[in-house]
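*Asks:* Following our numbering, the numbering of the sequence shown begins with 4 at its first residue and continues without gaps.
Warning: the hint list may mix true and false statements.
No more than 25 Å apart at the CA atoms, straight line, and that leaves these computed lysine-lysine pairs for BS3-like [said to hold, decoys possible]:
1. Lys135 - Lys17
2. Lys17 - Lys233
3. Lys57 - Lys233
4. Lys17 - Lys86
5. Lys158 - Lys17
6. Lys139 - Lys17
7. Lys57 - Lys17
8. Lys86 - Lys57
9. Lys86 - Lys158
10. Lys131 - Lys17
11. Lys137 - Lys86
12. Lys131 - Lys86
13. Lys86 - Lys135
Okay, the calculated beta carbon distance ranges per label pair [to be verified]:
14. Glu111 - Ala61: 39 to 49 Å
15. Asp109 - Asn11: 44 to 54 Å
16. Gly79 - Glu50: 18 to 28 Å
17. Gln140 - Gly79: 41 to 51 Å
18. Ala172 - Gln74: 15 to 25 Å
19. Lys86 - Arg108: 38 to 48 Å
20. Asp109 - Gln140: 49 to 59 Å
It is worth saying that the hints were derived from the structure and are not from the lab.
Here the structure is a predicted model, which means the values were calculated and not measured.
Beta carbons: idealized from backbone N, C-alpha and C, even for Gly.
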Amino acid sequence: MPTSSHCNGELAGKTFLVAGATSGIGKSVAQLLADAGAHVVLMARTEQALQDVKATLAPATHEAVPFDATQLETVGPLVEELKQRLGVIDGLVWCVGLGRTGRLRDLEIADMFQAMNGSCFAFLEMVKALMKGKPKQQPLRIVAISSLASTEFQKYLTLYAASKAALEASVRCLAAELGPRNVRVNAVRPAFVDTPRLAGLNEITGSVEESLKSSGYQPLGLVTPEEVAKVVLFLLGDAAQHINGVSWAVNGGAAC
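All chains should be built: construct the whole structure from the sequences, respecting the hints.
*Replies:* Put into structure tokens, the structure is as follows:
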């Protein structure tokens with residue numbers, strides 16, 4: 004498993020946007036980036052949650068920026084404002100995962116739009132805004148958090164799985180398009196991770212962790228957010244300079 008030590012200080016002083024930074028994988032990514040000396044721009048919908056995470060990071064110069072991924076028209080202007088204020092933005096970590104968990108009969112059209120807008124379309128808008136005016140010599144490193152759900156047969160995850168599959172397809176195509184412009188775009192595809200989202204599935208199916216253990220589906224157990232975050236930092240670093248357009252599995256022994 005790659006660790007933040009692989010970065011050897013190379014992320015120090017660089018600026019990274021972390022979208023979805025207030026819980027789970029995004030929160031862990033923000034912590035590891037801060038520990039590596041990067042300047043972290045925390046992005047999420049809830050102001051208080053952003054401030055709570057920011058308060059755990061040292062030094063106190065990191066930023067909390069309210070951001071709603073479902074409001075596509077706000078993405079471009081927000082990124083432009085950040086570019087004007089911060090100067091060079093070295094990378095983006097996209098940890099947004101929207102998509103109501105539930106049976107097909109309970110899903111509404113509004114749920115479908117929310118899932119695709121938040122998980123995929125807003126990601127594309129943000130990458131487009133980051134690319135606008137970017138000099139070719141300026142590197143840009145992008146990592147998006149996908150999910151094992153994008154490739155597996157899982158009940159009640161239709162919207163979430165569909166949005167993550169779209170996200171992975173976007174990553175592959177963007178890598179091919181933007182690679183010649185000094186951009187790396189990769190995804191991380193975790194199996195079941197011990198995050199707040201899992202609690203919502205527990206309410207429908209019972210304990211996911213117990214099911215994973217009893218069935219042998221994910222024999223190494225739940226993945227921790229910190230394990231996924233370590234892979235993200237590896238992909239942001241120079242050791243991954245020839246890795247582009249991949250979906251890196253952190254699978255807990257599951258077949259993903």
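*Asks:* Against this structure, judge whether each hint is valid.
*Replies:* A quick look at each hint next to the structure:
1. Lys135 - Lys17: Within the cut-off at roughly 19 Å; holds.
2. Lys17 - Lys233: 17 Å, holds
3. Lys57 - Lys233: 19 Å, holds
4. Lys17 - Lys86: Measuring from Cα to Cα gives roughly 13 Å; hence the hint holds.
5. Lys158 - Lys17: Violated, at roughly 41 Å.
6. Lys139 - Lys17: 17 Å, holds
7. Lys57 - Lys17: Holds, at roughly 17 Å.
8. Lys86 - Lys57: Holds, because 20 Å separates the two Cα atoms, which is no more than 25 Å.
9. Lys86 - Lys158: Violated. Lys86 to Lys158 sits at ~41 Å, over the 25 Å cutoff.
10. Lys131 - Lys17: With Cα atoms ~20 Å apart, Lys131 and Lys17 stay inside 25 Å; holds.
11. Lys137 - Lys86: 10 Å, holds
12. Lys131 - Lys86: 13 Å, holds
13. Lys86 - Lys135: 10 Å, holds
14. Glu111 - Ala61: 39 to 49 Å: 43 Å, holds
15. Asp109 - Asn11: 44 to 54 Å: 49 Å, holds
16. Gly79 - Glu50: 18 to 28 Å: Holds - the Cβ-Cβ distance for Gly79 and Glu50, about 21 Å, lies within 18 to 28 Å.
17. Gln140 - Gly79: 41 to 51 Å: 23 Å Cβ-Cβ, so the 41 to 51 Å window is violated.
18. Ala172 - Gln74: 15 to 25 Å: Hint holds: Cβ distance 23 Å, inside 15 to 25 Å.
19. Lys86 - Arg108: 38 to 48 Å: With a Cβ separation near 44 Å, Lys86 and Arg108 satisfy 38 to 48 Å, so the hint holds.
20. Asp109 - Gln140: 49 to 59 Å: 50 Å, holds
Hints 5, 9 and 17 from the earlier list are contradicted by this structure; the remaining hints agree with it.
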